[in-house]
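Chemist: Take a look at the letters that make up each chain.
Number of protein chains: 4
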Amino acid sequence: MSSFSWPIRIYYESTDAGGVVYHAEYLKFFERGRSEWLRHLGFEHTQLKAEFGIIFVVRDLHIKYLQPARFDELLHVVTSLLEVGRSRLVFEQKLQRGDEVLTAAEVEVVSVDCETFKPTTISPTMKQHFLEIK
Amino acid sequence: MSSFSWPIRIYYESTDAGGVVYHAEYLKFFERGRSEWLRHLGFEHTQLKAEFGIIFVVRDLHIKYLQPARFDELLHVVTSLLEVGRSRLVFEQKLQRGDEVLTAAEVEVVSVDCETFKPTTISPTMKQHFLEIK
Amino acid sequence: MSSFSWPIRIYYESTDAGGVVYHAEYLKFFERGRSEWLRHLGFEHTQLKAEFGIIFVVRDLHIKYLQPARFDELLHVVTSLLEVGRSRLVFEQKLQRGDEVLTAAEVEVVSVDCETFKPTTISPTMKQHFLEIK
Amino acid sequence: MSSFSWPIRIYYESTDAGGVVYHAEYLKFFERGRSEWLRHLGFEHTQLKAEFGIIFVVRDLHIKYLQPARFDELLHVVTSLLEVGRSRLVFEQKLQRGDEVLTAAEVEVVSVDCETFKPTTISPTMKQHFLEIK
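Protein chains in written order, with my numbering: chain S, 1 to 134; chain U, 1 to 134; chain F, 1 to 134; chain A, 1 to 134.
Just chain S, with the same shape it has in the complex:
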């Protein structure tokens, strides 16, 4: 399984009074990772919405917090595609300091109609792209 890495710098905006990254902020890092993974494959969210009227939404997310990430650190988020379904994708994502895993998540996203939020089928072309790099 191939994976895609994207750098994440920790700014004040992501920390809390505990002195480390606020637990909800990791979800933003993972979403940046998925967006850049998609862009890397040649797709843009805005183009998918404009051309096909679809957006990807998160349906299920399970995250484990192993070690705190700290202010000013340069980390990276590693994104791997685990499954491709009719309308859903399942990712494994990790925020890492070098090889050390700080948080690990399994994230299920679904392709939905941007108006009705009903699931839509992922096009064969897009699916093909996803499967080639899986």
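Watch out, some of these pointers could steer you wrong.
Result set (SDA-like, lysine to any residue): computed pairs, CA atoms no more than 25 Å apart in a straight line [said to hold, decoys possible]:
id: 1; chain 1: S; residue 1: K49; chain 2: F; residue 2: Q67
id: 2; chain 1: S; residue 1: K118; chain 2: F; residue 2: E73
id: 3; chain 1: F; residue 1: K118; chain 2: S; residue 2: E44
id: 4; chain 1: F; residue 1: K64; chain 2: S; residue 2: E106
id: 5; chain 1: A; residue 1: K118; chain 2: F; residue 2: E132
id: 6; chain 1: S; residue 1: K49; chain 2: U; residue 2: K49
id: 7; chain 1: U; residue 1: K118; chain 2: U; residue 2: L82
id: 8; chain 1: F; residue 1: K49; chain 2: F; residue 2: A104
No wet-lab data here; the hints were simulated from the structure. Since the structure is predicted, the reported quantities are computational estimates derived from the model, not experimental observations.
Let chain S serve as the given structure and place chains U, F and A on it in line with the hints.
Modeler: Chains U, F and A alone, transformed into the frame defined by chain S:
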């Protein structure tokens, strides 16, 4: 000039590694204050958008940080309308710990078309409501 | 099992360009729910940190997104304690529109030393309070 | 006056239900710009705190919203130092789409003791660095 007060509790989500509220978070508190002021006058953002296709957007904001707000505190935001123009409103807003002012802002919002983002005229009915309590 | 309910109003700050609440924001609502549950039991985060040097951090979180929450809605978060361990608490939390569940989560938090982030034992007094209302 | 440019990609996390970037998020982009400007000069926030016990906090911020920034865009924040005082720095910062200015701000930050939040004098060495590139 009458003013409208709304309680704000400080949760972890609003703090940063400096141990106090992150500077951008105060803008959220002020927006909650303006939204509740509007609701108090009988208007809802969603109704304004659905019926008239307008939304209010911030055009200019000047904020002074006087004292830090801290985790777990119960504060209140005080909102006063300073000016009502053809399409714009100017507010004075303060985040207070009792009578002590922690941050003070002057905020200009503009009524715009929700599609084009072009300024629209505030309706006479709405203006009347605003002026009565100014 | 008793549960604790706390109101959540959806402001612009929590929404995204999809027109609904951004998926990471629900974690903030759940944290507000846990903080208010703790306060309801007579404990304050700041007091626990000052007196005992402990803070609660999230170690594991599993969230299911069932229905989108929308701008301007008044919802409530329902918090129930599932388990009390030596240093950990497990909660079931739901964001609801009336009786309809929009998102549901199971959240494990751990009592840790605020300097070392190492797990600490939850005091018998506190545990007693938690168990009584479980 | 020299200026420092830093790229900003707009993700879902920064947008709101109006379909554009939420007004408080621009403050985060500006802070990223100032942090990277500081790093570019050879200083790190964490080092300043550990060695000298100082942090920079925002004391005054005036922002003008000229054009909305949109989801998925690649923009850049341009940071210029306007003034260096005994304990304060004044910056002009702009978020730009190419040469087009979307938001413009004047931001005053103050060097404070990280415990007392009282203003501290900026060291001659640091001041020298700041002045050379002003």
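Chemist: For each hint, tell me whether it holds in the structure or not.
Modeler: Right, here's what the structure says about each hint:
no., hint, in the structure
1, S/K49 / F/Q67, "holds, 20 Å"
2, S/K118 / F/E73, "holds, 21 Å"
3, F/K118 / S/E44, "violated, 42 Å"
4, F/K64 / S/E106, "holds, 12 Å"
5, A/K118 / F/E132, "violated, 45 Å"
6, S/K49 / U/K49, "holds, 22 Å"
7, U/K118 / U/L82, "holds, 23 Å"
8, F/K49 / F/A104, "violated, 29 Å"
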